[in-house]
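Participant: If you want the building blocks of each chain, they are given just below.
2 protein chains.
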Amino acid sequence: MNRRGDAATDEGTPTEPVGPSPTGAAGPSRPTSRDVAERAGVSQATVSLVLRDRWRGRVSPPRAEAVREAARELGYRPNLAARRLRSGGTGTILLVVPALTNEFFARVHAGAAAVAAERGMSVVLFPSPEGIGPAPDPFASAGATLDGVIASSMASRALRALRGGGLPLVMLDSDPEGTEAAATVNPDVPEGLRWAGRHLLAAGHRRIVHLAADVDTWTFRERGRALAAELAAAGHPLVGSARAALDVRAAAVVAEALLAARPRPTAVVCDDDVLAAGACKAARRTGLRVPEDLSVTGVDDLALATAVEPELTTVRLPAEEMGGAGMRALLEVLDGDAPGNRVLPVRLVPRGSTGPAPTGPG
Amino acid sequence: MNRRGDAATDEGTPTEPVGPSPTGAAGPSRPTSRDVAERAGVSQATVSLVLRDRWRGRVSPPRAEAVREAARELGYRPNLAARRLRSGGTGTILLVVPALTNEFFARVHAGAAAVAAERGMSVVLFPSPEGIGPAPDPFASAGATLDGVIASSMASRALRALRGGGLPLVMLDSDPEGTEAAATVNPDVPEGLRWAGRHLLAAGHRRIVHLAADVDTWTFRERGRALAAELAAAGHPLVGSARAALDVRAAAVVAEALLAARPRPTAVVCDDDVLAAGACKAARRTGLRVPEDLSVTGVDDLALATAVEPELTTVRLPAEEMGGAGMRALLEVLDGDAPGNRVLPVRLVPRGSTGPAPTGPG
DNA sequence: CTGAAAGCGCTTACAG
DNA sequence: CTGAAAGCGCTTACAG
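As you go down the protein sequences, you meet chains B and R in turn. Counting in UniProt numbering, the first sequence runs from 1 upward without gaps. Counting in UniProt numbering, the second sequence runs from 1 upward without gaps.
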């Protein structure tokens with residue numbers, strides 16, 4: 001007979017120094033589906049059916065309700081290990097991102113993990129992003145067997161390594177066309193960059209440059225394309241552009257060169273907040289004031305956007321929502337549905353790093 | 001910093017799944033311990049003993065080697081669900097932190113998750129940090145059954161909710177005395193703050209103030225205490241201090257007040273990089289140059305430390321190592337060992353936000 | 001509509 | 001030193 005009780009009952013149990021249960025399964029054992037079945041006066045099979053919501057047309061409503069009540073009274077929670085063993089699933093999803101230390105991907109992960117937790121699944125991060133190209137088996141090195149994969153912002157080259165795993169794949173922030181993904185979830189980055197361009201145009205800026213990320217992925221290509229198109233359509237095309245690695249210091253070096261052009265640009269649109277922070281750094285070194293002499297915009301709305309002075313005007317990407325939506329899509333695929341492609345809205349967050357275009361010659 | 005998505009070529013890598021699929025449910029079924037046993041000519045029990053490294057004195061060395069070889073040849077990896085079901089463990093560890101969005105805790109989590117993965121365990125984050133005080137059962141709301149708990153930088157009040165769970169507990173960045181933790185892992189924060197103080201004293205600063213975190217936890221109390229003691233011992237005690245919430249904007253407001261004192265302080269030691277960024281903001285608004293007029297130091301070495309201009313001199317805390325060491329300690333507890341208390345070294349990273357004390361009257 | 005039974009892959013007493 | 005056997009808690013055909 002299984003008991004359930006609070007920790008206080010532990011005091012009565014003998015605790016050897018080298019414990020009887022080295023696995024840490026302390027305390028009285030939890031109620032099982034057998035206990036629920038007994039209490040509800042049904043079989044274990046009925047309990048399983050009802051609790052997994054597969055009972056319609058197979059169990060009578062009153063019995064289903066009785067099962068639910070018994071489960072509630074007992075505080076029953078299914079043993080995930082048993083369920084997985086029986087069902088063949090592993091309960092773990094691999095999240096592949098290009099850089100683990102990046103705050104954006106940390107937020108994507110948080111969003112995905114939260115949704116996974118609701119379903120008793122867990123998320124493992126791909127542990128060595130550097131090795132994703134030549135690694136013969138990225139999945140084995142993940143240290144777990146997998147039910148599916150979510151990949152974010154990957155280069156198409158790196159994506160090849162993800163195929164052939166035969167696992168359901170959901171792509172985030174990636175080309176919705178031509179992938180073998182079962183579903184995609186994308187922030188509307190083109191619209192975001194258009195917002196940034198319009199924001200600067202409205203402030204009177206006419207000499208705008210683009211500090212692009214030196215990363216060959218769909219998301220950054222789209223950013224550059226959308227910005228250039230928007231400005232050109234307004235009759236004030238980009239007057240310059242350059243690429244920098246996603247690193248504040250590297251970006252500062254490249255931005256300094258961009259700012260050396262004459263007439264000097266009055267605004268720089270950056271693909272990413274990290275690049276924008278680099279641009280601000282460059283401005284400061286060059287003796288330019290932000291925003292009086294130079295306006296700067298970023299993308300992401302990371303913590304550093306409000307940490308720098310002035311704070312960054314930026315395009316907020318819904319990182320957590322992307323992770324959550326991606327996980328939800330993957331769960332749908334696992335359930336046999338075809339979720340398709342989703343686009344999430346983004347918004348411009350105006351802050352201190354942008355202002356009216358300086359008047360007079362540059 | 002890692003470059004996003006920039007992976008080496010993977011040409012030559014076979015795209016077709018070869019042999020037994022390492023990925024689990026899809027494709028041909030994975031080899032089981034039974035397959036290994038068959039191939040090695042032993043029983044399943046022997047395989048289990050050998051592969052879990054519990055074979056000494058129970059299995060002859062040649063047979064043990066044969067088992068290992070068979071497992072290698074087959075690409076055998078144990079089914080975690082089966083192992084957990086049998087052993088009673090759940091394979092999941094709860095990590096409780098005060099703020100999920102904080103980069104420091106994200107790094108602690110990464111370190112813990114990496115070590116956990118090596119052992120086939122997974123880490124769940126406490127999902128609602130706000131609720132940790134009054135929550136009647138934080139464990140149930142974690143959405144999973146647990147083998148143990150790691151808690152970082154928690155207020156003692158919040159800690160009470162963690163007791164009574166009856167689960168093995170490892171504390172990070174917390175008071176090593178008087179807790180019911182089985183083990184603690186702490187960065188040497190007092191030494192870190194002493195370093196900051198010495199660094200400024202050596203640069204000639206005599207009017208130093210402390211911008212403290214308005215958070216009532218052991219780690220921040222220790223920081224203030226160590227700094228005050230170090231400066232007092234040198235004959236140049238703190239000339240002021242104030243507390244601010246861990247938020248750049250809030251810190252800037254408080255720092256402005258600190259900097260209004262006359263004679264003006266020449267250096268501000270901050271409990272955290274976020275506070276230091278706020279202090280830099282305040283300096284800029286006040287018209288003070290960093291570091292010419294004011295030196296600023298932080299603690300953590302977050303990404304923002306190098307994103308701001310000038311970059312922050314800071315005390316680097318080994319966040320990943322703490323998470324990893326904490327997980328290792330917890331695994332030892334689970335194995336029946338008593339790991340005790342560990343202190344991890346910290347180091348001062350001098351950057352542009354500190355310089356020689358300004359000469360002349362403040 | 002419902003229950004009895006088999007079995008997922010592993011670990012652990014237990015008997016040799 | 002080694003193997004046969006039981007069983008962890010669940011889900012799923014299958015037989016009523």
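The hints are simulated quantities; they were obtained by calculation from the structure and are not laboratory data. All of these numbers come straight from a predicted model, not from anything done at the bench. Treat the hints with caution; some may be incorrect.
To be verified - Per label pair, the in silico range of CB-to-CB distance:
| # | chain 1 | residue 1 | chain 2 | residue 2 | range |
| --- | --- | --- | --- | --- | --- |
| 1 | R | Arg249 | B | Glu292 | 17 to 25 Å |
| 2 | B | Pro356 | R | Ala229 | 22 to 30 Å |
| 3 | B | Glu256 | R | Asp53 | 38 to 46 Å |
| 4 | B | Arg221 | R | Gly120 | 35 to 43 Å |
| 5 | R | Arg119 | B | Arg77 | 19 to 27 Å |
| 6 | B | Ala45 | R | Val343 | 31 to 39 Å |
| 7 | R | Arg119 | B | Asp337 | 29 to 37 Å |
By construction, the Cβ of each residue, glycine as well, lies at the ideal position given by its N, Cα and C atoms.
Participant: Note whether the CB distance of Arg119 of chain R and Arg77 of chain B lies within 19 to 27 Å or breaks it.
Facilitator: holds, 24 Å
Participant: Do Pro356 of chain B and Ala229 of chain R keep their Cβ atoms within the hinted range of 22 to 30 Å?
Facilitator: Given a distance of about 51 Å, which is not inside 22 to 30 Å, the answer is violated.
Participant: Can the suggested window of 38 to 46 Å be confirmed for the beta-carbon pair Glu256 of chain B and Asp53 of chain R?
Facilitator: With a Cβ separation near 56 Å, Glu256 of chain B and Asp53 of chain R fall outside 38 to 46 Å, so the hint is violated.
Participant: Between Arg221 of chain B and Gly120 of chain R, does the beta-carbon spacing fit 35 to 43 Å?
Facilitator: holds, 39 Å
Participant: Can you let me know if the beta-carbon spacing of Ala45 of chain B and Val343 of chain R is within 31 to 39 Å?
Facilitator: Given a distance of about 55 Å, which is not inside 31 to 39 Å, the answer is violated.
Participant: Do the Cβ positions of Arg249 of chain R and Glu292 of chain B conform to the proposed distance bound of 17 to 25 Å?
Facilitator: holds, 21 Å
Participant: Per the hint of 29 to 37 Å, is the separation of the Cβ atoms of Arg119 of chain R and Asp337 of chain B within bounds?
Facilitator: holds, 34 Å
Consistency note: the structure conflicts with the earlier hints numbered 2, 3 and 6.
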